[in-house]
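J.: Sequence lines, in order, name chains F and B. To get this note's numbering, take the position in the first sequence, counting from 1, and add 1194. To get this note's numbering, take the position in the second sequence, counting from 1, and add 1194.
Everything labelled a hint here was simulated from the structure, so no lab data went into it. Idealized CB from N, CA, C, for every residue including glycine. A portion of the hints provided could be inaccurate.
Among the chain B residues that face chain F by a calculated CB cut under 8 angstroms, a handful are [to be verified]:
(1) SER1345
(2) THR1436
(3) ALA1576
A few chain B residues facing chain F, derived, Cβ under 10 angstroms [to be verified]:
(4) GLY1273
(5) MET1308
(6) THR1429
(7) HIS1467
(8) ALA1469
(9) SER1470
(10) LEU1486
(11) LYS1488
(12) ASP1495
(13) ILE1505
(14) TYR1515
(15) GLY1530
Cβ-Cβ distance ranges computed for the label pairs, FRET-style [said to hold, decoys possible]:
(16) B:ASP1540 with F:GLY1216: 25 to 35 angstroms
(17) F:ARG1525 with B:GLY1296: 48 to 58 angstroms
(18) F:HIS1547 with B:ASP1569: 25 to 35 angstroms
(19) F:SER1214 with B:ALA1469: 38 to 48 angstroms
(20) F:GLU1464 with B:GLY1330: 49 to 59 angstroms
(21) B:ARG1354 with F:GLU1464: 37 to 47 angstroms
(22) F:ARG1544 with B:ALA1576: 45 to 55 angstroms
(23) B:ASP1513 with F:PRO1535: 50 to 60 angstroms
(24) B:THR1319 with F:THR1528: 51 to 61 angstroms
Number of protein chains: 2
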Amino acid sequence: MSVTAPKGFEAAGVAVGLKSSGKEDVAVVINRGPLKVGAAVFTSNRAKANPIIWSQQVIQDGTVEAIVLNSGGANCFTGSFGFQTTHQTAEKAAELLGVSAGDVLICSTGLIGMGDEVFRAKVLTGTEQAIAQAGGDGGVAASEAIMTTDSKAKRSIVTRDGWSIGAMAKGAGMLAPGLATMLVVITTDAVLDAAEADAALRASTNRSFDRLDSDGCMSTNDQVTLMVSGASGITPTAEDFTEALAEVCLDLARQLQADAEGASHDVTIEVVHAASEDDAVEVGRSVARNNLFKAAIFGNDPNWGRVLAAIGTTDAAFDPYDVDVWMNGVRVCTAGGPDAPREAVDLTPRATHLLIDLKVGDATATILTNDLTHDYVHENSAYSS
Amino acid sequence: MSVTAPKGFEAAGVAVGLKSSGKEDVAVVINRGPLKVGAAVFTSNRAKANPIIWSQQVIQDGTVEAIVLNSGGANCFTGSFGFQTTHQTAEKAAELLGVSAGDVLICSTGLIGMGDEVFRAKVLTGTEQAIAQAGGDGGVAASEAIMTTDSKAKRSIVTRDGWSIGAMAKGAGMLAPGLATMLVVITTDAVLDAAEADAALRASTNRSFDRLDSDGCMSTNDQVTLMVSGASGITPTAEDFTEALAEVCLDLARQLQADAEGASHDVTIEVVHAASEDDAVEVGRSVARNNLFKAAIFGNDPNWGRVLAAIGTTDAAFDPYDVDVWMNGVRVCTAGGPDAPREAVDLTPRATHLLIDLKVGDATATILTNDLTHDYVHENSAYSS
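Only chain F is shown next, with the shape it has when bound in the complex:
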C-alpha cells in the first residue's frame, strides 16, 4: 500500500530499462485531492542534482499535484541538458494530468553524471507509462521502482481515527542526510494547509532522518516530500499529526539503517546528560563517523577508547575524565577509565546499543549508524554508484 494507503492518492511503478536488471525504475504518485498541499525538505549538500534544483522551486507555493521519481541515474552534474530533462519530465506529467508543470516534483537517484539522451528518453517514456497505469493499488510498485542498492522496499503506514499517513523510501548508501534524506514520499488524507504540513515535516525529519548517519556521506539528491489530499475530511491537531508523522519517519529511518550497504550491525548511539541537544547530536555524530569505532563494532570489539577519542574531537561540553560509556548494557568505561572487562560485552547481535553519559546537563539525542565492514568496502569499490 505505502503511499496509496491514505485516501486521495494514486501511484504506479513501471520498468523502462533504466535498471540493467529490468526491474521497475520509474514511479509516480498523484494527489487526486481535494487538497493539493505539499511540503518538502532537501539535501543540504551544496552540490545539488537537477531534480533538487527544480523541486525547490516547485515547492515554494505549497502546491503539489504529483511527483515523478526514477532510479537508474541521479541526473546530477549533467549540465543544462540534464536540467532540461527534469523540466521536460515535469511538462510531460503536467500535460497528461492536466495540471501545471510548476506543481510537479521530480526526484532521481543513481549514478552521478548519468543523464544522457537515452536516459531522458527512458524517463519520459516511464513517466507516460506510469501515469497511464496509476491507481489506488500502485503503492507497492512505486516503492519498488525507486530502489537502487536497497535489498528491500521501505514502506510505512500509520492509521489514526479516520485519517492515515502512508510512505515509501529508498536508501542504502550515502546515508548522512542534512535536513533530509534519500528519496521519501509521504502521503496523508488528513486536512492540513501548506504551513502546517511544512512545520510538521521539518519537526519530524529533524529527529528521524537527520539523526541517521550510516556512512558520513551526504547525497546530492536527498528529498523528503509530504503530499496532503485532505480526502478524509478530518483535521487533526498539529500535535497529533506531527506525532504520527514522526512515527512514520522514524520507522523509515530504521528501515534505511537496517538495509545499509554491507552493514552487519545497526548501532543506536544514545547520548545522555549533554549540556544541549546540539551537543548531544555533535557527540553522537562524531562517534558515528569514526571509522575505527565502526570497524571495531564489526569485529565485535567493545573498544571504548575509540569512542572517547571521537568525543574528544568535538566542541561539546564534557570532561574527558568524567564520561561513562555503556555497550549493550555493560558499563565499559567509568569516569574516563576502564570499568567492566571487554569479555563482559556481547556484540554479536545486529542491534547494538552505545550509551554515552556526558554528565553535564539534561539534554539527550540518539544517532543511528552502522558498522564498517568488508561488504561495505566491497559494494562501494566494486560497483559505481
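With chain F held as given, fit chain B onto it using these hints.
T.: Same frame as chain F, now just chain B:
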C-alpha cells in the same frame, strides 16, 4: 641514525615485554647540549593521554633534557594511576640523568585504557635500561622501539652546511592529526632559542603532518617534539632552518601515509584556485574523509561524482557547476559535468593524484590520504588498538 644524526644526541631502544612480539618497546632520546632547547606540538583532541598532559607542562619553559617513549600501551584514560606512571617515568629518567623531571618529556602509544601495574613496572624498567644503553648510535633502535602497527620504522635526515636535522616517527592508524601527529621526535644541532624552535616547528607541521588525513580519526596521544642541542655551533637563518625542518616533516608525513594500515593507494589531493588556503584545506579534507570516494579509489574507480558530493558539504567558496576534477592527469569532470570517460583513467598505481580546480581564487593546498580497503577494515576490526 635518525635522531642521533645531529651532534649532541644519544638514544636507545630496548625491549621489556610491553609488546607481545618481544621487540623493542621503550626508547629514549637524550640531549647532551650545549643547548637544551625544546619545542613541541600536541594533538588537539580534547581527550588527551596522560603523557600529553604531562608534556604540555614540561614544554612551557622551552627546556628539554630528554624524552622517553613507549609503545605497547597509550596510558590514556587510565586515571590518576596512569598519570602517576608518567610522572614516575620522568622522575626515574631525571634521577639517572641528573636533571630535573620537569625537563623530561614522555610519549606513549598503543591501546587506550592500557596502563596498569604491570605496564608501569615495564616502562620504568625500560627507562632505566634505555638510559644505560643510550649512545650516539642508538637512533635506529629508538625508531624501532616506537613502532606499533607500523610495518617499517620512519626516519629522516637533512644535512646542511655544518648542521643537520634528524628525526623518527611512528604512525599507521588514527591518522588525522590536528596540530600534530603521531609520535615524532626531531633533533638538530643548529643553534636556536626556544621561540625560534617553536615558530619553525609550528610552521613546518602546519603544512606537513596537519595535511595528512589517512582515516579521519584523531589520536589522543599525538606529539611532535623538536630538540635542539646547538652542538654544531652554527646559527642558520630562520628561513633556512624552517625550510629544512619542513623538508623533514613532509618526508615523514609521506612515510606515514605510505605505511597507513591496509591502504593500497597513497592519494595526493591537490586543491587549486581556491579563495583561501583554509578553503582549499577544507575541500581537500572533506574529500579525504569521504568513505565512498576512498572505497572507489580502492576499486580503481574514477568516481568524480563522489568528489563533487564531498565538496558540496563544505563551506568553501565554489560554484558546483564550475569545478574541474582531474585524476592521474585525466580531466574526468569539467564545469560540473562529465568529461573524459572512466576508461581513460589508470588508477592501478599506488600513487594516486586527484586535482580539484575550484576556479575562484589563487590559493592552493595539498592533503595526503589513503583509500578505504578490506585490509583497513580487517586490521581495525580483528585487532584492538
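J.: Confirm or reject each hint.
T.: Now for the hints, and whether the structure bears them out:
1. SER1345: At about 18 angstroms, which exceeds the 8 angstroms cut-off, the nearest Cβ of chain F leaves the hint on B:SER1345 violated.
2. THR1436: 28 angstroms, violated
3. ALA1576: Given a least distance of 6 angstroms, the restraint on B:ALA1576 holds.
4. GLY1273: Because about 4 angstroms separates B:GLY1273 from the closest Cβ in chain F, which is inside the 10 angstroms limit, the hint holds.
5. MET1308: 9 angstroms, holds
6. THR1429: Check failed: Cβ of B:THR1429 comes no nearer than 39 angstroms to chain F, outside 10 angstroms.
7. HIS1467: Constraint on B:HIS1467 not satisfied, violated at 17 angstroms.
8. ALA1469: Since the shortest Cβ distance to chain F is 14 angstroms, the answer is violated.
9. SER1470: 17 angstroms, violated
10. LEU1486: Holds - the Cβ of B:LEU1486 comes within 10 angstroms of chain F, reaching about 5 angstroms at its closest.
11. LYS1488: Hint holds; B:LYS1488 Cβ to chain F Cβ min 9 angstroms, cut 10 angstroms.
12. ASP1495: Hint on B:ASP1495: holds, closest Cβ of chain F at ~5 angstroms, below 10 angstroms.
13. ILE1505: 6 angstroms, holds
14. TYR1515: 8 angstroms, holds
15. GLY1530: The hint holds - B:GLY1530 has a Cβ within 10 angstroms of chain F, the shortest such distance being about 5 angstroms.
16. B:ASP1540 with F:GLY1216: 25 to 35 angstroms: Given about 33 angstroms between the Cβ atoms, the range holds.
17. F:ARG1525 with B:GLY1296: 48 to 58 angstroms: Given range 48 to 58 angstroms: violated, Cβ gap about 37 angstroms.
18. F:HIS1547 with B:ASP1569: 25 to 35 angstroms: Check passed, 29 angstroms falls within 25 to 35 angstroms.
19. F:SER1214 with B:ALA1469: 38 to 48 angstroms: 41 angstroms, holds
20. F:GLU1464 with B:GLY1330: 49 to 59 angstroms: 56 angstroms, holds
21. B:ARG1354 with F:GLU1464: 37 to 47 angstroms: At roughly 56 angstroms between Cβ atoms, F:GLU1464 and B:ARG1354 fall outside 37 to 47 angstroms, so the hint is violated.
22. F:ARG1544 with B:ALA1576: 45 to 55 angstroms: 19 angstroms, violated
23. B:ASP1513 with F:PRO1535: 50 to 60 angstroms: 54 angstroms, holds
24. B:THR1319 with F:THR1528: 51 to 61 angstroms: 30 angstroms, violated
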